[in-house]
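Read top to bottom, the protein sequences are chains X and D. No gaps in the numbering here: position 70 of the first sequence is 72 in my numbering, and each next residue is one more. No gaps in the numbering here: position 30 of the second sequence is 548 in my numbering, and each next residue is one more.
Keep in mind the hints are simulated off the structure, nothing from the lab. Yeah, the Cβ is synthetic: ideal placement off N, Cα and C, and Gly gets one too.
The calculated label-pair distances, taken between Cβ atoms and stated as ranges, are:
1. X:35 to D:923: 52 to 58 Å
2. X:19 to D:923: 30 to 36 Å
3. D:680 to X:190: 27 to 33 Å
4. X:36 to D:925: 54 to 60 Å
Here are some, though not all, of the chain X residues that point toward chain D, as calculated from beta-carbon distances under 10 Å:
5. 115
6. 133
7. 165
8. 197
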Amino acid sequence: MKHLLAIDELGADGIAEIHRLADAFVEVNRRPIPKVPTLRGRTVVSLFFEDSTRTRLSFETAAKRLSADTMTFSVGTSSVKKGESVRDTIETIEAMGIDAIVVRHGSAGVPWQIARWSSAAVINAGDGWHQHPTQALLDTYTALGHLGSLDGRRVAIVGDIKHSRVARSNIAAFTLLGAEVVLVAPRTLLPPDLTDWPVRVVSDLDGVLGDVDVLYLLRMQRERMTESLVPSLREYARRFGLDRERAARLGDGAIVMHPGPMNRGVEIAGDITELPNVVVTEQVANGVAVRMAVLFWLLGADPVPTHEEEPADA
Amino acid sequence: MPELVIRGGTVIDADGERRVDVAVAADGTIAAVEPEIDATGTGATVVDAAGCVVAPGFVDLHTHLREPGKEEAETIESGTRCAARGGYTAVVAMPNTTPAIDSAAVVRQVLDAGRAAGLVDVHTSAAITIERAGEHLTPMAELAALGVKLFTDDGAGVQDDRLMRRAMEYGADLDVALAQHCEVEALAAGGHMHEGAWSSRLGIPGIPVEAEELMVARDLALARRTGARAHFQHLSTVGSVELVRAAKAAGQQVTAEATTHHFTLTDACCAAYDAVFKVNPPLRTAEDVAAIKVGLADGTIDAIATDHAPHTTESKELPFDQAPPGMLGLETALALAITELDLPLAQIIGLLSWRPAAIVGIDDDHGGHLVPGRAANLCVIDPAATWVVDPDATASRSRNNPYAGRTLTGRVRHTIYRGTPTVLDGEACR
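Isolated chain D (complex conformation) (with noise of 0.2 Å):
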């Protein structure tokens, strides 16, 4: 008997299109995926999908939850509502929290607030080094058991070489992803937005692409040598797609993600001083985002990232230069890939969902392919509706929304969670 049908649209995953319905068993898994399935008198829930696409649920692999530390910004339970409103069934937790998610029992701890929310799988990365100092290792095995499968410094790249080295060769063996912030700080330090025309015109000190990208063309060096997964977090730059394109071209195996913003907005945006527009890296250039979109739609980046990263209003009215970097996205990602990339819709669901599960090996319940026995994670999709962003109209205790005011194009009208609905007609029920 199913729990739950989804009637009236059309399917797309890693298999292709298809006009079916969805019927979810009790346990929330998919029971049935065929032609037409007739509900009537069965007791099942019916969430109507006519006109809208069917597709697995989102995974993001970068998202700011804020918990523990900075519970005013963001909460486990808030953060995941967004990503539930965003078509996610799985997050990826950065580790920048206060303390930082570095030992075991901050990873419990993590992974048991996301549980108890219940609106997504929280997965957590941790962190490389120690409270993010980029001094001693964290106990990677220890982490990776409890089911880390990616470790990153986010929020700062580790500095040193040799221990970036170490860390890759240490983390071979351990079947995660060694991500990175890349930052070099000595280049970057002091700056506040993309170093170029608008830095100079503005008198805000410049953060320049070659700190993003001599930490690339590092990690790629240390990755061929130690064969460890290198993942390479929210790449802002001309230069950076080009490495990645290059290793790939030459058989290294390695993943990178762009952020929606990275595609989206420019440093142009910072001219009225406007901290909801610093982020980090920054935005920057049109030639920047040109090549962002080109690395989507050739390959060279695997994945879209949110860098979903809540902030107070009080801090985001700071002078530029004092206000922390970071915006929100897990609400308005699949809308901002729908209208400014110009891709088809599937590709852009795969970047979405079973792209970036597979570089945290959770595609087996989330993305890839919407068969019976399969985890019910799902979203749909309405890729045509048209809505105007509003920053109050969300479910994050933050507002730091740099996307206040513009139409987008797709919308995610109802989100299935392990074959529960979270969220239904726009709206979270959960």
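Next comes chain X alone, as it looks inside the complex (with noise of 0.2 Å):
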């Protein structure tokens, strides 16, 4: 069974490939009635330990504009509150007959473990600090679709590399399409040994904002306050944060992505959200097609399952 875990096992070839399937996607997106028949009859099951609203919606949106059959497992009311082991639930899920899992989980390797034990397809929507691959995947896509191509451009990531899937996504996705990654962030907010990461780090916001194509901001969660990562949201937003003298100095047709949802005021200031190089809206109308086009790549290859009987010499 065809996976998607994380980044490095697509390749450059395997992203260019979910990236052709979405360019089909869109243009069906565009559509008065934006939905086709291609996985009628499939099963499409969001199973999300961690909420995540926004993601969610995203899966279930394309699977449904694909005509698959969506089931949203909701945790939070669950057998799982009562202590059902992530095994049980697999199982019991299973036995429903089902074709992919979408699961978002707060530990990393979760989705690895489910697909040992699952005979479904799964898709990873977000490992603990690990992996979230069609991020990934919708951020290239928008990317590619303001530069042309990403062989030779600069990437800069901005603010908590250490506890971002998104970011570990997004260096393994920029990288194998020929873009360079430089990590901005102080110390405390880069993961411990960056032994081997195709990455450059500086500690200078303002030194690279000149010389970059794509500057991704990365949300600054709140709680790492109180881990004294950083001293204080007022001190990370003048050191990292976007505002509109900064923004000034991005090169032309540089864009500034972030993954959603913004912390207005601390990444990025309120008054610049609107500026035309700002792609966030255009990252989540992509994901909607992105996400069709993986579960179309992982599902549409085989023949819709029929009730017919099979041949007795089978």
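Given two chains presented individually in distinct reference frames, assemble the corresponding complex, making use of the accompanying hints.
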């Protein structure tokens, strides 16, 4: 069974293939009735152990536009709260007959465990600090739409790299597509050991602003303050936040990206989110098409199951 | 009249190596050690040791028997049967049970259950602090009088510097080892594997080496001041080994152990998020593994311990950051030492038997010298036998064996505990 767990497993060719499929689904999404029968009879389950309304809605919209049946396993009100193990949950859902599981979990590695236990296709919709491959697919898709090619392009990822699955997947995806990635963060927000990471690291945002094609701002989570990873949100915003003055120093054609939800006034000033080179809503729109592409890539190649009897000698 | 004769083997003990048979008397002591002991017509059981090495029984300083409290993972009986299969004749039970081994009542309960199982000598450690909570000392003198030789809050280190100083001062008069699971919680909290390149890549919060090394340094300093017998449990880092080596070079009387997994496995094992490889201290880097091996070779580290830590399959199937740390070890220790350590067999046997025995003062009965009059605590090992590790082939109630499928060299054939076979031809017979 094919899964989508991490970006490296795709390679540059895999990313390109999903992007090509996404082109077709962008077109579908522009139609008056944005729906195709491709995955009719298939069942896609969203299994979100950690809340993420945005990502869940994006996947469910994608599945519905492909005519798949969708089920939401809402952990907050389910047996998981009563102590059911992930493995038992998976076996329960599987017994209902499903084709794909979209999983979000607060612990790194859970989608790999599920892939070992399940015969359905597993899509990692974010595991702990580790990977969020569909986010990176839609981010690189969006960046390609503006820049044409990522070969030799410079991408700065700014902020809390250490705790970010978005950063880990995007570093892999942008690098695979030929871009140079620079991380902009204080040491406290960097992973402790970057040996073998294909990145350059700086702590001065102003030093790279004029030099980048993509400025990717990460969400700064407020709970990081209590861990003294930065002294205050105010100091973080001053060192690493994008304000109007810094935005003006971006090169022509450079785009500003953010995975959402944005902390206005922290990583991005409230009055610049409407600037034309801030492509955040485009990321969200592309997210549906890219997730349709992923579902099609995983499920579309197999014949749709029928209820006909198998021949006796098959 | 001998009750049992071990024939055809080569004895290796603290006195060296010699081709002799060993006769065991009905009272469980060694009756004779001679080149040829003829058992014909005596009615004695003959145990074949041809081509094998007869060694003193092994002593594990670090065994989690899980009883009382976690009997679904292991019991004193199942855990000591694992020990017997591994060639052990004595284990030191760790105190992180439920309730903790912090009172005379629980110490007696564990010792009684050990005697009832009758598979190895079960010695127990006791906690340094009540409920291992790091706040109040246990009645150390009362527990020492019951036979406790080693105090530790294992599973955690004693965080409070002043309390640890008090424990060492108080314990210095009691002829006990003050053992430490060295881990500064302020640095380790929230971590689930070694902090390094792999934890960064896998997105798993790490435990930095400094969490261990700072407490090793602290306890060395406190032991210098108090004169307590400090023992360092499961050293895992380059820096820890260097600290202990320097202290010993300066003449300080301290001891240290290292586990089989810390000289065999690295943090790369965690790459597939299989929590069977989650352990505390965590699996470290290849450099750390190399330093542990050097420490064992040059005497910095005195003993090989197992940190045998059974956990149910369900608990090990939790997400990596929720699963409990620990792995099985009693049944694979000798083979891992032979397979992984480039050391003479006599040195490996010493690290498994008389050197740990001396740390807890049980070297009269375990390890040391195979001579008439001593308790017949022995194992017969085939150092050249190769075998493939099968997690289901175990006496443990748990299956968290990180060596599944590995081919190892060296196998325990027979174990004799106080004159009675507990394992014959690799199979537990009691």
